[in-house]
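Protein chains in written order, with our numbering: chain A, 1 to 281; chain B, 1 to 428; chain C, 1 to 388; chain D, 1 to 306; chain E, 1 to 377.
Derived by calculation from the structure, the hints in this document are not laboratory data. Do not take every clue at face value.
[Said to hold, decoys possible] Using C-beta positions, here's what the derived DEER-type ranges look like:
| hint | chain 1 | residue 1 | chain 2 | residue 2 | range |
| --- | --- | --- | --- | --- | --- |
| 1 | C | S331 | E | R337 | 58 to 66 Å |
| 2 | E | K181 | C | S25 | 45 to 53 Å |
| 3 | E | R116 | C | L186 | 20 to 28 Å |
| 4 | E | R21 | A | R10 | 22 to 30 Å |
[To be verified] Not everything, but these chain B residues come out facing chain D in the computed CB check (under 8 Å):
| hint | residue |
| --- | --- |
| 5 | A81 |
| 6 | H112 |
| 7 | D114 |
| 8 | E401 |
| 9 | N404 |
[Said to hold, decoys possible] Under 8 Å between C-beta atoms, here's a sample of chain A residues computed to sit facing chain C:
| hint | residue |
| --- | --- |
| 10 | D9 |
| 11 | L11 |
| 12 | P170 |
| 13 | A176 |
| 14 | R178 |
| 15 | L179 |
| 16 | D180 |
| 17 | G181 |
| 18 | S195 |
| 19 | D226 |
Quick reminder that beta carbons are idealized off the backbone N, C-alpha and C, glycines included.
What follows is each chain in one-letter form.
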Amino acid sequence: MARAPLRTDRLIGSVISHFFLMLGAGFILLPFVWMLLTSIRPASEVFTAGFNPIPSSFAAGTNYSEALTKSPLLQYMWNGVLVCAGILAVQLLVAIPGGYALAKLSFRAQPVVFGLVLFGLTVPVQVTALPIYIALANLNLLNTYFAIMLPFFLSVFGIFLFRQFFKSFPQEIIHAARLDGFTEAEIILRIITPSAVPAIAAFAVFSITSHWNDLYWPLIVTTSADHATPPLGMMIFRDQETGSNYGALMAGAAIITAPLILVFLFAQRQFVRGITMTGVK
Amino acid sequence: MDRRTLLQSAAGFAALGLMSPMIARAQSGVELVVTHCFPGHDGFHTEIANAFMAANPDVKISFTNSPPTYEEGHSLILRQALTNQLPDVYYSGFHLLPPLSRQLTERGQITHLDSFLATEGDAWKTENYSPRILDLGNFDGKQMAMPFNTSTPIFYFNEELVTQAGGDPANFPDTWEGVFELAAKIDALGDDVDGFYMGIHTEAGDWFWQALVYSNGGELMDAAEKTVAFGDEKGLAALTLTKRMVDEGKMNLRENQQGVQQFYAGKTGILVQSTAGLRATTDSVGTNFTLRTARYPLADATNGRLPTGGNAQVILTTDPAKLDAAWRFSKWVSGPEGQTVAVKFSGYMPTSLVAEQEQYLGAFYKENPNYTTSVGQIPVARKWFGYPGKNSNKIIDIQRENINLAMRGEMPVAEVLAKMVADTQGLI
Amino acid sequence: MSHLELTGLSKSFGTTRVLNDVSLSVRDGEFLTLVGASGCGKSTILRVIAGLEPQDSGSVQIGGRSVDHLRPKQRNVAMVFQSYALYPHMSVAENMSMPLVMQRLNLAERLPLIGRLSPNRRRVMTGIAAEVDTVARQLQIEALLTRKPAQLSGGQRQRVALGRSMVRHPDVFLMDEPLSNLDAKLRVHMRAELTDLHRRLGVTFIYVTHDQVEAMTMSDRVALMDEGRIVQLGTPSDLYHNPSDLRVARFIGSPQINIVSGTTTGQGIRVGEALLPITVSCPAGQVVSVGLRPEALSLDPVAGRPHVAARLTRVENLGAEVFLHFALQESGAPLVLRATLQDYERHKTRLEAAVALGVECARALVFDGAGHRVDHASRAAQRVAVPA
Amino acid sequence: MTVALNTARVSPGRNAQMRAEALAGYAFATPALILIIVLLIAPIVVVFLLSLTDYQLGALDWSWVGLTNYSDMLGDRVFLRSLGNTFIYVAIVVPGSVILGLVVAILVQERTKSKAIYQTIFFLPVTTTLIAMSVVWHFLLNPALGPVTSLARALGFSDFDVFGDPDLVLVGLAVIGIWQLVGFNMILFLAGLTAIPRDLYDAADIDGADGAWDRFARVTWPMLGPTTLFVVVTTTITAFRVFDTVAVITRGNPQGRSDVLLYTLYKVGFQDFNMGPASAMTIAFLVFVLVVALAQAFIIDKRTHY
Amino acid sequence: MSGLSFHDVSKRFGQATVVDRFTLNVAEGEFVALVGPSGCGKTTSLRMLAGLEEASAGRVMVGARDVTDLPARERNLAMVFQSYALYPHLTAAENIGFALSLQGLGKATIKDRVQRAADRLGIGHLLGRRPKELSGGQRQRVAVARCIVREPAAFLFDEPLSNLDAKLRGTARIEIARLQKSLGITTLYVTHDQVEAMTMADRVVLMEAGRIRQIGTPMDLYHHPVDLFAATFLGSPAMNLLPGEVRHADGEIRFLSAGLDLRLAGTVRCAPGQVTLGLRPEALERLPPGPNRIAISGIVEHVEHLGAETLVQFAVQGAPGTVMTARVPGGWAVRAREPVALSAAQTALHLFDATGAAVPLHFTGPAQASADRLVPA
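Hey, can you work out the whole structure from these sequences and the hints?
Structure below.
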């Protein structure tokens with residue numbers, strides 16, 4: 001039987017796999033491409049029939065400046081930075097020690113706490129929103145950064161993730177540290193945390209993207225623009241009553257998405273490693 | 001355990017004792033906190049408020065974030081009522097005014113306007129507002145709100161497509177029969193061209209259904225709001241119209257926004273929409289085609305009416321120190337200064353009689369005849385109806401499903417109507 | 001003084017008994033090895049001594065005082081782990097100075113930023129650095145001080161781990177299979193280095209391994225463990241030449257000891273057709289196991305001396321010596337004989353057929369049905385000279 | 001559990017280390033525990049209590065109604081329909097995003113230079129704002145103007161109206177759901193794939209595994225068992241929570257065929273303000289998700305014996 | 001069953017050449033071990049034969065068939081991996097029968113053949129277990145059974161014993177060797193452990209840095225290493241080395257190193273120059289120096305008692321810094337810091353020139369006979 005050399009087989013395989021990957025990538029990227037194209041189109045061209053990638057007149061300036069000036073988008077993005085940073089900081093402060101306690105320390109309540117964490121994974125934010133809202137209101141805390149951040153201080157996902165990650169951390173190193181005289185807190189601070197950089201990166205990507213993009217909760221607890229987060233800045237262009245300004249909406253979307261893509265690109269290597277090392281099994 | 005303790009215990013567990021509220025508002029003169037729905041309205045609200053503040057330096061207007069819909073705004077206000085976080089002034093959708101004013105009156109968290117109107121005097125009243133407009137904000141015998149934005153459904157059409165189909169843009173049909181005939185011709189112009197679109201089967205509320213029933217001279221409920229009233233032949237005519245849109249008007253049952261987008265793209269001949277979207281539609285259409293508007297046909301020329309969309313301003317503050325400023329603001333926004341801006345920005349109909357005068361909107365209307373269509377419909381505008389009870393949204397959802405059944409031909413229209421009446425009655 | 005005393009240690013994980021009433025006394029400065037198959041409980045003992053795991057009962061004394069109530073760091077023991085357990089994000093110098101930092105700086109001074117404000121801190125740190133340098137020089141790793149563990153070879157990591165335990169001048173060194181992650185060549189080398197280190201430091205070493213060669217070559221005394229108990233405690237040569245138990249005989253020695261089963265008679269022990277003139281104290285007719293180290297068999301049967309008939313099955317030629325694998329003629333039981341290359345060459349042609357293998361009965365080890373050693377007269381009389 | 005039992009048996013004072021460890025365990029778990037109680041347990045208790053009342057948001061009086069809300073719910077057409085729709089949505093999104101995620105992961109895994117690029121592209125949807133992306137999808141799937149339909153038309157398919165056709169609407173929403181989840185699942189699968197020893201593929205090659213399919217069916221798929229189940233559980237939980245796309249694009253239309261649990265719950269609670277029934281639905285929703293998650297976790301436990 | 005051969009096979013990864021012009025013929029039924037330090041290219045060579053790596057150049061043959069371009073599955077070779085590569089989700093029986101099921105054989109046939117193969121390795125009772133439930137030794141046997149069940153053209157082993165502990169390794173290597181002989185199947189065996197190579201193989205291929213350094217029988221390599229590398233790689237403890245110089249003076253041939261002066265006169269013919277002298281540990285004996293023996297003494301540094309034998313490390317007197325290891329029978333009670341006097345037969349000496357190549361030693365006189373005797377016929 002005549003046979004093509006292995007190299008050719010492999011080449012064909014690679015071409016086929018690229019073909020499917022590009023097809024998939026096309027599917028994934030389609031909305032982004034359209035977002036960018038729309039963000040540089042004048043309103044009248046957005047709906048011209050057909051799929052003409054190149055706009056006949058550029059309205060990038062108008063759309064982007066409208067996105068930035070009509071709503072205090074920059075202010076919102078700054079709020080977003082503060083809120084995401086605050087949430088992430090508290091989440092890490094809670095989840096790293098919590099994850100360590102669940103993974104490496106033995107205490108009687110451990111299974112109960114872990115059970116609660118697993119339970120928490122299934123509870124969507126909508127369930128707890130109203131009681132927390134009322135509590136915040138009674139404490140006179142609405143319209144504060146604190147109110148936007150509070151429900152997310154607890155990330156059961158984070159606790160779970162760090163627990164999984166720490167599970168695979170060599171027990172011997174912790175033993176060595178105890179022999180060396182580290183207190184448990186110092187083990188967390190000086191041994192566990194530096195080793196958890198990939199997990200922190202992975203977690204940060206999830207945390208930042210979801211709270212940067214969150215619309216639901218900020219809309220409930222903030223009524224002034226002082227604390228609003230980025231998606232609220234886009235709401236102004238999306239109006240069911242009078243019709244949406246698609247160009248500015250997409251420009252706004254592009255503006256607020258860009259930092260996240262940068263964050264992801266920056267953390268990508270660590271992120272993938274973090275996910276891999278937490279051993280999703 | 002009563003509600004109070006329930007809520008207090010809810011608060012108790014969250015008593016983290018970490019922060020005190022740091023909402024220290026700069027108090028130079030009076031500050032009014034204002035909430036309106038639709039972030040898209042921010043533009044004209046800000047402009048109006050700026051002008052107001054320039055004229056009234058002692059008053060500071062500050063806006064909260066805008067809820068994206070009337071429903072969400074309503075929910076926001078109710079939550080804030082619970083927690084005493086209410087703004088001083090709020091713009092409520094007309095259909096939500098009855099529950100809002102009733103609940104807040106009960107809680108003592110709203111100020112009715114009768115005494116202010118009395119102070120201004122009747123002459124002022126008649127000079128500025130038509131009684132029909134004022135009535136939109138009047139419930140249980142009290143003036144609860146000053147109407148701000150009002151709208152009626154109108155027809156938008158694509159002049160080029162109408163012409164191509166042999167229609168006359170200058171004499172747009174004023175009967176459904178004429179509309180459907182024209183729509184069918186437009187539809188025949190090409191595979192990718194639709195004749196007619198009205199998102200009655202997919203819209204958010206039941207405004208279009210109300211328009212169909214009212215324009216046929218029908219009623220949704222009896223005067224006591226106990227019994228469903230659209231089970232009659234007028235209701236049947238209304239529901240039959242939906243079926244005819246599909247059969248005769250060749251309407252595709254697209255999702256609402258997609259139907260609208262299709263019109264923007266110049267691929268739909270006739271679109272039924274609120275006049276409120278005129279400005280946005282004009283912008284979106286741009287140079288794609290020539291946008292024209294026409295009046296909504298009244299099947300019953302004498303008793304036919306149209307529901308008034310839009311919103312009215314309520315004063316929620318009960319603080320005597322703020323009331324005067326709030327009333328001044330109320331007068332301003334519903335007066336010619338406010339209305340001029342709002343109309344130009346949206347396409348809404350003015351609520352102020354004065355605003356229609358030459359120095360305000362007169363010139364604008366002459367230059368933009370599309371904007372006058374709805375003004376012509378003011379005489380037939382009536383209140384936007386809201387169902388009583390707990391299930392108003394559910395009623396609307398169920399009705400919409402029934403309308404779909406009729407339009408999709410899955411059930412004879414008469415049967416659907418009977419079912420729809422029964423479903424509605426069951427939920428009241 | 002740092003002699004170490006374990007009394008009645010027991011521990012279970014769930015229903016598994018990992019330590020079963022273990023008592024052990026380790027002299028000050030002794031090198032004691034715990035050896036046994038994996039799962040025998042040897043590592044658990046180490047962790048109990050260190051205080052990393054609690055015992056269910058029993059007590060640990062170091063230098064005459066009970067340490068049961070002390071935390072690991074208070075027991076002044078150092079431990080070298082199988083995986084070395086170096087802190088991956090710290091340099092070698094940091095790894096090595098950690099125990100001293102923890103000892104000499106108080107909690108506030110150890111804090112990341114605030115700690116730097118303390119004037120005491122710098123003085124202490126300078127002192128520590130000097131000590132680390134000294135130890136690093138001793139271990140010849142002074143050139144590696146700035147590297148991270150990931151940049152080190154296995155042998156280097158091993159030395160850093162040693163260094164980290166040395167800087168503390170502990171009373172007791174605990175070593176948990178420290179050589180098992182090294183390759184064969186390096187392992188041989190490190191064996192010598194470790195014993196050398198022990199001699200120089202003169203401190204008590206407790207060393208855990210599953211490798212009998214390590215146990216044999218390095219220790220003053222060896223405790224062989226099985227199923228959570230110490231089976232035999234003695235010098236390496238004791239364990240090799242005088243195993244008290246069949247398990248010990250099997251575990252120690254490579255190639256493994258030959259075990260043939262035989263029956264006691266009045267004249268000796270019958271193995272197949274051969275009668276080995278070994279008189280044991282147990283009654284006749286009992287089945288016993290006769291252990292014969294490979295060197296207790298010879299290719300040159302002297303007339304009149306006992307021998308067994310066997311058939312050669314395989315030759316393993318290692319160059320320096322040859323392992324000859326036989327099957328016992330009657331039972332087919334395997335026997336390994338250790339011969340020099342010269343001996344093998346001399347007998348090569350004879351080995352093609354069944355041969356008689358000489359048995360040095362004086363070196364035979366007899367075990368009863370329960371696996372316990374049974375002493376016998378011939379052995380007692382001709383006790384081989386054992387190295388001290 | 002065994003760990004806890006052991007700890008229990010060691011009497012305090014027996015071992016300083018164990019005591020210190022337990023103490024530290026409690027200390028480190030306390031912040032998490034407090035937050036769990038304050039932000040999770042207590043609100044759920046409040047919601048449960050509300051589900052036993054007829055409380056309407058803003059109303060001044062209310063009363064206990066026992067389990068009426070629950071029994072009403074079981075007879076409520078809209079609720080039952082949302083439940084059904086949610087299950088259909090889950091039934092499309094879970095296999096869709098899991099299988100696609102797996103396929104992409106396998107293809108991406110084999111790439112060397114372009115791996116990072118593909119990885120980033122497929123992960124992009126996770127980083128974006130859904131309200132903007134829903135608008136975009138809405139347009140992309142526009143039956144007359146959208147590029148997807150023009151492409152379909154160019155390829156000779158008949159027109160389809162994703163969000164207008166009652167039979168297609170859940171499929172359309174599911175496509176968006178899949179679009180969002182594929183990248184995430186891909187990352188999880190990539191993690192699982194890296195953990196498969198290369199030796200197994202070599203062994204399969206030598207054993208006579210014939211090409212990619214055999215390798216996949218005989219090695220990859222069985223070896224990914226635990227990962228797959230994890231992915232399925234997380235995807236299921238996520239899919240159950242579908243809300244944004246429905247709220248932004250279809251609002252339950254057409255004919256309620258895109259009503260899903262959380263959206264219905266939202267309408268009842270936040271548009272009709274019927275907190276009692278909404279709370280009952282919330283509790284029901286929680287129970288559903290919990291049951292599904294527990295069932296899957298149980299299977300994971302049984303399946304991860306290798 | 002058939003022979004195996006490599007013809008000028010090379011493997012390059014980018015710039016690095018991992019295997020350089022590897023040529024080897026393995027006869028039918030022969031057991032050949034590839035041995036060398038890690039990274040020497042032995043595993044890569046094996047994998048190229050198996051079809052798991054592509055050869056950058058050259059051809060590989062199984063019997064008369066050129067399999068260079070065939071995928072692994074068509075080469076009819078069986079392989080045991082270092083990690084055993086058992087499928088964790090399959091039972092032992094399914095693992096063993098995996099290849100057969102891929103061939104589409106009937107269930108009964110598979111069951112029968114699996115049972116026979118398993119019985120042969122003494123794991124017949126473990127067939128229902130999964131790899132996780134097996135010990136290291138049992139897994140290793142399952143891996144071997146998986147190979148023999150297929151009746152392949154040849155066996156390939158990639159360090160199959162390196163994951164076993166020392167004890168098991170000893171028994172397993174005998175088992176494998178025995179099995180190979182009884183099946184008579186061609187075997188290529190990769191290991192870094194010289195003991196395995198020496199004890200199991202018919203021929204040993206010693207590799208370093210991608211090249212073959214020496215091919216020969218184990219005894220060839222042990223007794224006639226072609227260079228320093230081969231000399232030190234084989235044998236444990238390693239050969240003792242002593243750098244120095246060979247001088248011809250006064251009709252004598254002398255080896256000089258620091259203060260050491262060994263006379264080789266009259267027995268050895270050897271060119272003068274810088275050399276390294278090699279002496280295996282077992283060549284150092286507690287015998288008095290005599291004719292044709294050289295004396296080496298020193299101070300004991302370290303003693304390792306292994307029971308039957310004792311390893312004595314001592315500092316060589318006259319050569320400061322040089323430590324040699326002697327391997328002596330177990331009965332000798334020697335202690336650290338004591339002096340020792342040992343001697344070695346001249347026939348046991350190895351000399352290597354400055355490049356490391358072995359210098360042929362030509363013995364004259366009566367020692368000749370004994371030197372020849374060292375080499376097995």
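Do the hints match the structure? See the list:
Between S331 (chain C) and R337 (chain E) the beta carbons are some 48 Å apart, a value that contradicts the proposed interval 58 to 66 Å. For the hinted restraint 45 to 53 Å between K181 (chain E) and S25 (chain C), the CB-CB distance of approximately 51 Å keeps it satisfied. For R116 (chain E) and L186 (chain C), the hinted distance range of 20 to 28 Å is not satisfied, since their beta carbons lie about 42 Å from each other. Restraint check, R21 (chain E) to R10 (chain A): a C-beta distance of roughly 24 Å satisfies the suggested window 22 to 30 Å.
Annotation: interface hint on A81 (chain B) holds; nearest CB of chain D at approximately 5 Å, less than 8 Å. Checking H112 (chain B) against chain D by beta carbon gives a least distance of about 18 Å; that is not within 8 Å, so the hint is violated. Given the 8 Å rule on beta carbons, the hint for D114 (chain B) is violated: about 23 Å separates it from the nearest Cβ of chain D. Satisfaction of the interface hint for E401 (chain B) is found here, the shortest Cβ-Cβ separation to chain D being roughly 5 Å, below the 8 Å cut-off.
Because the smallest distance between the Cβ of N404 (chain B) and any Cβ of chain D comes to about 4 Å, under 8 Å, the interface hint for this residue holds. Taking 8 Å as the C-beta contact cut-off toward chain C, the hint placing D9 (chain A) at the interface is violated, the least distance being around 37 Å. A least Cβ separation of about 36 Å between L11 (chain A) and chain C goes past the 8 Å threshold, and the interface hint is therefore violated. Taking 8 Å as the C-beta contact cut-off toward chain C, the hint placing P170 (chain A) at the interface holds, the least distance being around 6 Å.
The criterion of a C-beta within 8 Å of any C-beta in chain C is met by A176 (chain A), whose closest approach is roughly 4 Å, and the hint holds. Hint on R178 (chain A) holds. Least Cβ distance to chain C is approximately 5 Å, under the 8 Å limit. Checking L179 (chain A) against chain C by beta carbon gives a least distance of about 5 Å; that is within 8 Å, so the hint holds. Because the smallest distance between the Cβ of D180 (chain A) and any Cβ of chain C comes to about 4 Å, under 8 Å, the interface hint for this residue holds.
The closest approach between the C-beta of G181 (chain A) and any C-beta of chain C is roughly 3 Å, which is under the 8 Å cut-off, so the hint is satisfied. The restraint placing S195 (chain A) at the interface with chain C holds, with a minimum CB-CB distance near 6 Å, inside the 8 Å limit. At about 32 Å, the closest approach between the beta carbon of D226 (chain A) and any beta carbon in chain C exceeds 8 Å, and the interface hint on this residue is violated.
Going through the hint list in order, the structure does not satisfy hints 1, 3, 6, 7, 10, 11 and 19.
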